[in-house]
Amino acid sequence: MTCALDELAAMVDTLLPGDGIFPPASAAGTVDKLAQRLGGPARAALLAAIEQCGGPLGPLDPEARRAVVERLERGHRGLFETVLRVAFLGYYGSEPVAAAMRAGGLDYRLTPQPEGYAMQPFDEERDRPRHPRGSYRRTEEVRRVELPEGLA
Amino acid sequence: MSQRADVLVIGAGPSGAIVSLVLAAAGKRVVCLEQGGWTRGEEHPHADPDWEWRRFADWAPDPDVRGKAEDYPVDTDDEQALMWAGVGGASVIYTALWPRLRPSDFRKGTEHGLAPDWPITYEDLASFYDRTDLLMGTSGLVGDQAMPPRGPFATPPMPAGACGRHIAGALERLGWHGWPFPVAALSQDHDGRQGCNHCGGCFVGCSRGSLADASACVWPKALAAGAELRTGARVERLEQDGSGHLAGAVYVDRATGQRRRQEADLVVLCANGVGTPRLLLLSANGSCPDGLANRSGQVGRNLMHHTLVGAEYRVDAPLESHKGMIGAMISSEFAETDTRRGFVNGFNLNIVRAPAPGSLAVGAFSGHRAPWGEGHHAWFRRRFGHGFRAYAIGDDLPQPDNRVTLSDRRTDSDGLPAPRIAYRPHENDWRQMRWAKQRLMELGSAAGAFETLINDYVGADGKYRTPAWHLLGTCRMGLDPERSVVDRWQRAWDVPNLYIVDGSIMPTGGVVNPTSTVCALALRAAEHLRDQVARA
Chain A
1 MTCALDELAA
11 MVDTLLPGDG
21 IFPPASAAGT
31 VDKLAQRLGG
41 PARAALLAAI
51 EQCGGPLGPL
61 DPEARRAVVE
71 RLERGHRGLF
81 ETVLRVAFLG
91 YYGSEPVAAA
101 MRAGGLDYRL
111 TPQPEGYAMQ
121 PFDEERDRPR
131 HPRGSYRRTE
141 EVRRVELPEG
151 LA
Chain B
153 MSQRADVLVI
163 GAGPSGAIVS
173 LVLAAAGKRV
183 VCLEQGGWTR
193 GEEHPHADPD
203 WEWRRFADWA
213 PDPDVRGKAE
223 DYPVDTDDEQ
233 ALMWAGVGGA
243 SVIYTALWPR
253 LRPSDFRKGT
263 EHGLAPDWPI
273 TYEDLASFYD
283 RTDLLMGTSG
293 LVGDQAMPPR
303 GPFATPPMPA
313 GACGRHIAGA
323 LERLGWHGWP
333 FPVAALSQDH
343 DGRQGCNHCG
353 GCFVGCSRGS
363 LADASACVWP
373 KALAAGAELR
383 TGARVERLEQ
393 DGSGHLAGAV
403 YVDRATGQRR
413 RQEADLVVLC
423 ANGVGTPRLL
433 LLSANGSCPD
443 GLANRSGQVG
453 RNLMHHTLVG
463 AEYRVDAPLE
473 SHKGMIGAMI
483 SSEFAETDTR
493 RGFVNGFNLN
503 IVRAPAPGSL
513 AVGAFSGHRA
523 PWGEGHHAWF
533 RRRFGHGFRA
543 YAIGDDLPQP
553 DNRVTLSDRR
563 TDSDGLPAPR
573 IAYRPHENDW
583 RQMRWAKQRL
593 MELGSAAGAF
603 ETLINDYVGA
613 DGKYRTPAWH
623 LLGTCRMGLD
633 PERSVVDRWQ
643 RAWDVPNLYI
653 VDGSIMPTGG
663 VVNPTSTVCA
673 LALRAAEHLR
683 DQVARA
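The listed protein sequences correspond, in order, to chains A and B.
Counting from 1, one number per residue, gives the positions in the first sequence under our numbering.
Counting from 153, one number per residue, gives the positions in the second sequence under our numbering.
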């Protein structure tokens, strides 16, 4: 299992490497989430597919890992997209990633509640549309139209 | 057997809640059977770091993804129906966008004849719209010239924010109508409920009760008025007596697995545009072999979902679009029929805030995911908080072959046949969606979008599969018992003590999210029952 987790870590770090502000996925709890959410059969299928594509990833340098994952993406599209989806959602559900977003200047919290966000109330003076546009057909104004060609 | 009820309500969504409230407040003994249970505010995932993951798992809008025992599966490859089995129904997870039908939506038979007229007019419903606005707790801005006058709203409009102002600017440049979105959510504390704190998590409902989830804003009043709500009660069939009246319903008590019977003088079916025809078909008997209330053959037919094309826009300006109530602006520029476009009917543009980070990355709404690898973070920085979405929601034509039947291969957890759904857009719908796609592209240009991603819901196999947020039309109301299932008061033509009060009775769907109309129709039907029928 340790080997499998190491391989999953190499996989998620290839998908989501760190960049100095954002952490690599393995440092954001993504490995455990991927292992748990994929479940045994899909996890085994992933590890087998990685090997088919030139893995395991563990001993490889980043460039070679990327080449393996690109082959995985081309050759095992459905499995790859599932893994990527689980990795993305797991990654953005972690506090280290939320902290990185804040460090980049975003007002962002990991969970929507309980704090929510402060917003300025609707300001009639500033926010009410000034345009005179918009109309509707009243009940008594509805008339028969000629059907466009091909719809009769 | 339980004590006989005056009124048996089946389904505890918004319409079942309103019917129960009105009739219980009038002193009637009301029993409501609901197959699911309660979802309390704290059970919503908003305080869970994995709230976005859960939106695609146990909080997915599609019951086949959630796979909970209280849900019933849907046998279809044509769509992904949004449903929630539980108190509050789909209002537990909807986004509470609260526009109304337009007067012409009730007159499509007169206008072009490819859909029927309603047996009622907008004016018949207007006062009920106004009152359900206040009951549910809405916010919005009066004065929209694209609609008949409405108001007052319970609370002022939601904050516009940078996102709303950016959208308004784009609409202004195009010369298109645009108005702050009317929503069934509170911008301030009201009626014992908390105002919105702009958390941006509306697509998993609302844990604060600010959004008009019927379990939070109607059911407490209905229970206080004396209605009895029985959860975990899945109705298996409606039972007719020898006179053709309904005697009551047989249901599965899901806690024990036992079949129970509830008798009543009146039955009000509020089980949505899929669940209602399913139950009528399940209730076929010797004298109604094709299903209850189905002498017309219309039960289950004419299913409508609205046409749908979506767009996701990314702009350079920071919009903080992860904050705030999801509904930002509505444009009714193209809502009325203009045959020069090559089709009848129209569509609204529902312009909404952009997704949370995980949803952005997986392309949950755009259908276009983020890149992986070294470029991912730069991609993300440029886009998160810099976007918004628009949905062209149009009036699809009712077609008899778009229908709900009973599946012969799938059942729910109690062994009852699942609904089977067939749905294909009409040629008019395709024309409308193609034309709408061009308008969505124009909106992106006017907004200065560096990226406009269209989601037309057409898969790699070329098939259109709508998310089916709206379930309409399958027990249409009308003036002719040969061509409709219920009359103008929503009473089944064939069964004198059966009323249908949900989206299934809508003969057309208009260009708007339907819950405001479903609620107004529910209040109208409930007061009719209270004043004219139950008294008798």
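One or more hints might be untrue.
What the hints assert, rightly or not - With beta-carbon atoms standing in for the labels, derived distance ranges:
id, chain 1, residue 1, chain 2, residue 2, range
1, A, 146, B, 611, 27 to 37 Å
2, B, 437, A, 135, 47 to 57 Å
3, A, 36, B, 413, 51 to 61 Å
4, B, 561, A, 128, 47 to 57 Å
5, B, 469, A, 150, 24 to 34 Å
As the list claims (entries may be wrong) - One side only, chain B facing chain A, incomplete, derived with CB under 10 Å:
id, residue
6, 263
7, 291
8, 606
To be clear, the hints were calculated from the coordinates, so they are not data collected in a lab.
All figures in this text were calculated on a predicted structure; none of them were measured in a lab.
Positions of the beta carbon are idealized from the N, C-alpha and C atoms, including for glycine.
For each hint given before, does the structure comply? Return the numbers of the non-compliant ones in rising order. When the structure is compared with the hints, numbers 3, 5 and 8 turn out to be violated.
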